[in-house]
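2 protein chains.
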Amino acid sequence: MSDLFAGVDLGGTSIKCVLGDEQGKILFRKSIPTESHAGPEAVLSRIGQAINELTHDAGCKPIGLGMGVPGLVDVPLGITRFLPNLTTHWYDIPAAGILAKHVNCPVRLLNDVRMATLGELVFGRGKTVDSMVFIAIGTGIGGGIVIDGKLRLGPVGAAGELGHQTIAPDGPPCGCGNHGCLETLASGTALAAAGIRLMLMGLAPGLHTLVGGDANLVTSELMAEAARQDVPVMDAIMQAADFLAIGVANVMVAIHPDLVVLGGGVANMGDLLFDRIRTQVRQRVRMFPAESVRIEPSDLGSDAGIMGAIALAAQKD
Amino acid sequence: MSDLFAGVDLGGTSIKCVLGDEQGKILFRKSIPTESHAGPEAVLSRIGQAINELTHDAGCKPIGLGMGVPGLVDVPLGITRFLPNLTTHWYDIPAAGILAKHVNCPVRLLNDVRMATLGELVFGRGKTVDSMVFIAIGTGIGGGIVIDGKLRLGPVGAAGELGHQTIAPDGPPCGCGNHGCLETLASGTALAAAGIRLMLMGLAPGLHTLVGGDANLVTSELMAEAARQDVPVMDAIMQAADFLAIGVANVMVAIHPDLVVLGGGVANMGDLLFDRIRTQVRQRVRMFPAESVRIEPSDLGSDAGIMGAIALAAQKD
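Protein sequences appear in the order of chains L and F. Each residue of the first sequence is one higher than the last, beginning at 1 in the numbering used here. Each residue of the second sequence is one higher than the last, beginning at 1001 in the numbering used here.
Worth flagging that the hints you see were computed from the coordinates, not collected in a lab. Errors might be hidden in some of the hints.
[Claimed, not checked] Away from chain F, derived, C-beta distances all over 12 Å, residues of chain L:
| # | residue |
| --- | --- |
| 1 | 27 |
| 2 | 49 |
| 3 | 249 |
| 4 | 271 |
| 5 | 275 |
| 6 | 299 |
| 7 | 301 |
[Stated by the list, open to error] Under the rule of at most 27 Å between Cα atoms (straight-line distance), these lysine-lysine pairs were calculated in the DSSO-like manner:
| # | chain 1 | residue 1 | chain 2 | residue 2 |
| --- | --- | --- | --- | --- |
| 8 | F | 1127 | L | 150 |
| 9 | F | 1316 | F | 1150 |
| 10 | F | 1025 | F | 1101 |
| 11 | L | 127 | L | 25 |
| 12 | F | 1316 | L | 150 |
| 13 | L | 150 | F | 1061 |
| 14 | F | 1150 | L | 316 |
| 15 | L | 101 | L | 30 |
| 16 | F | 1101 | F | 1030 |
| 17 | F | 1127 | L | 127 |
| 18 | F | 1316 | F | 1101 |
| 19 | F | 1025 | F | 1061 |
| 20 | L | 25 | L | 150 |
| 21 | F | 1061 | F | 1030 |
| 22 | F | 1061 | F | 1316 |
For each residue, glycine too, the CB sits at the ideal point set by N, CA and C.
For reference, chain L alone in the conformation it holds in the complex (with noise of 0.2 Å):
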């Protein structure tokens, strides 16, 4: 049997465990709820004793755990800096060394979309290429920057923050202080909240059909969904497809990249985001072939973020 290295994703709500090979191969897998408010240690307690059963299901230890958490980490020091989807109690936790006496093996940690850019450069999408943008459209947007076959983490593992980019000077606040960051106009969130505007205001009676009224029910997908009757929402999607084209745009203007691969929830609305995305980075990228870079859907899709645990817990360095 070839050596077993353990993943984990630390979710707001629900954290993945799983166990697999330098393949990126998933052998064994299990999701435990996150109950953040129990604290980290409680949390960390119960993550190491996940992985153990999981060890014992396989019968043999991994030699080394990935773990990728929502927000930003000191990478080399293993500590949990600014976790704002878990409580403030995450802050500063060396949440690296505690999970490695729970698990008796080295723990590595690394903010969760950056390691989902690591799921897709070592065993999705990005396997063939030397540079390479992923976003994940969610909740929030982040991102992760591949240059030279390497991830960019810069001195504090924040690079690749990219749906921080201000797109809209005069946008929205944010939840990060800024203002008219990409996040505030294009995010999973950003698009429910236009598409239940839009249902309060009576201007989409095909989403309102589909919630039954219900604006906690709202998503980009039912948005989607609706969009094919409701002219306002199939508006709403392609102005935050216009959006997130600014900023893939912009990325590629700067580090002309390979390969774009865009992930999250938002993204699994498919070809009516991409194709109208492709036509506009079209428009504002001139400087090089634009379609020299392209612009595709996440090859691991959720997993994306265990399989980069399990690459960056397989790494030699």
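Given the structure of chain L, go ahead and fit chain F onto it with the hints provided.
Relative to the frame of chain L, chain F by itself:
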């Protein structure tokens, strides 16, 4: 005597030719008019002649030549592609090969701002950093990006075109074919146009006095001077600075460099510009301490390009 290298900076109006050593010491220099209408063969022949005259003065032949050109080049092939400031006769010219025959040494081409980036990296502000962004704010806005000590070129040498980030989605048309590019909002040309507009509308009496009412004489430097008494001119400069800050902030969140260097004529406005840009960047970049990225004027000024050309000529690989 140590090895000699030749550097050429091909501009729209004049061409700088130098001989220097590997330490970036410029030993001999000569400037000739461009006269690009005569066509590439004639211009390249005169460049060859100028270098050969310097070689004669030096009593020693250069072992390599680097030439920066105002536009896009196919770097590996040494072919000019899109040089909007020269004539269309310059498209698809194997300039490296032609010039090499005149000077009897290998010739390497690069976009002029990427060349200046290399100059700042090897001999200027970038000597002590791993990652750097250079933005030249002049007639247009160009740029260059250094990651892990290496100038990022991308597949066709077009990475770093930071002046063509879309900053105002519905902004003015750009020469590149897009609209709302940073270049349309904050280049020396855009700034002068704003100054001329204010002067023509009677809102800039100070500027009017400085240029004797001649629109052709309006420059960003004179606007900085006029701004001491003309409030609307000051507002125009601050608005350009705010747009520049967005361009800087966006590339900062994407790659989190150690250093951002601003060069070109507009950067000569000094503290007036830099103080505003630094303040605005701190407002925009919230995902990591914006203060961790130094924003500094160019160290080499108008010599950055030829210093880069010498560095390129001296590169081993």
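Going down the list of hints, with the structure as the test:
1. 27: Consistent with the label, residue 27 of chain L stays out of reach of chain F, its closest Cβ about 35 Å off (over 12 Å).
2. 49: 33 Å, holds
3. 249: The claim is violated: residue 249 of chain L sits with its nearest Cβ about 6 Å from chain F, within 12 Å.
4. 271: The assertion about residue 271 of chain L holds, with a minimum of 23 Å to chain F.
5. 275: 19 Å, holds
6. 299: Nearest chain F Cβ is 22 Å from residue 299 of chain L, so the label holds.
7. 301: Non-interface label on residue 301 of chain L holds, nearest chain F Cβ at 24 Å vs cutoff 12 Å.
8. F:1127 with L:150: Since the Cα atoms of residue 1127 of chain F and residue 150 of chain L sit roughly 22 Å apart, the hinted pair holds (cutoff 27 Å).
9. F:1316 with F:1150: Roughly 14 Å separates the two Cα atoms, so the pair holds.
10. F:1025 with F:1101: Roughly 26 Å between the alpha carbons, so the hint for residue 1025 of chain F and residue 1101 of chain F holds.
11. L:127 with L:25: Status holds; Cα separation ~15 Å.
12. F:1316 with L:150: Measuring from Cα to Cα gives roughly 23 Å; hence the hint holds.
13. L:150 with F:1061: With a Cα-Cα distance of about 40 Å, the restraint between residue 150 of chain L and residue 1061 of chain F is violated, given a limit of 27 Å.
14. F:1150 with L:316: Measuring from Cα to Cα gives roughly 23 Å; hence the hint holds.
15. L:101 with L:30: 20 Å, holds
16. F:1101 with F:1030: Distance of about 20 Å is within 27 Å: holds.
17. F:1127 with L:127: 33 Å, violated
18. F:1316 with F:1101: Holds, at roughly 21 Å.
19. F:1025 with F:1061: 16 Å, holds
20. L:25 with L:150: OK: residue 25 of chain L and residue 150 of chain L at ~22 Å, within 27 Å.
21. F:1061 with F:1030: 16 Å, holds
22. F:1061 with F:1316: 18 Å, holds
Checked against the numbered hints listed earlier, the structure breaks hints 3, 13, 17; every other hint is satisfied.
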